[in-house]
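Heads up: the sequence shown begins at 1344 in the numbering used here, then just goes up one per residue.
It is worth saying that the hints were derived from the structure and are not from the lab.
Some hints could be false.
Here are the computed lysine-lysine pairs in the PhoX-like style, where the Cα-Cα straight-line distance is at most 25 angstroms [said to hold, decoys possible]:
#	residue 1	residue 2
1	K1348	K1446
2	K1424	K1371
3	K1390	K1404
4	K1348	K1424
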Amino acid sequence: MSTLKNHVQLIGNVGQEPTITNLESGKKIARFSIATNEHYKNNKGEKVQSTDWHTVVAWGKTAEIIENYVGKGKEIAITGKLRTRTYTTDDGNQRYVTEVEAKEVLLLGNKNDK
């Protein structure tokens, strides 16, 4: 049951080309956003689509897969966990950011898509 703690699974479409950073340590990091859609009917019986955006971060081999095979619009499935980090803005305000740290990526859709 411990694997169910802080576990995220998402299927969606990549919002923009992933940003790849090569760190001094030799590791790679990939950052991108993914859109997930939910469809439902409202009180009037009309179909409604709701879109949520998630920021995704991947490290190492997972980042390499993203760099080579994932592009804007590509449908992917990811599993990972939520990470919250803080930073201080130039004017001294502290901000919090919650991101999905991807552990596994499954490429969906057409083979020729990137």
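Evaluation of the provided hints:
Annotation: proposed proximity of K1348 to K1446 holds, straight-line Cα distance about 14 angstroms (limit 25 angstroms). Straight-line distance between C-alpha atoms of K1424 and K1371 comes to about 18 angstroms, which keeps the hinted pair within the 25 angstroms bound. The hinted pair formed by K1390 and K1404 fails the criterion: a straight-line CA distance of about 40 angstroms is larger than 25 angstroms. Restraint check for K1348 and K1424: the C-alpha separation of about 9 angstroms stays at or below 25 angstroms, so the hint holds.
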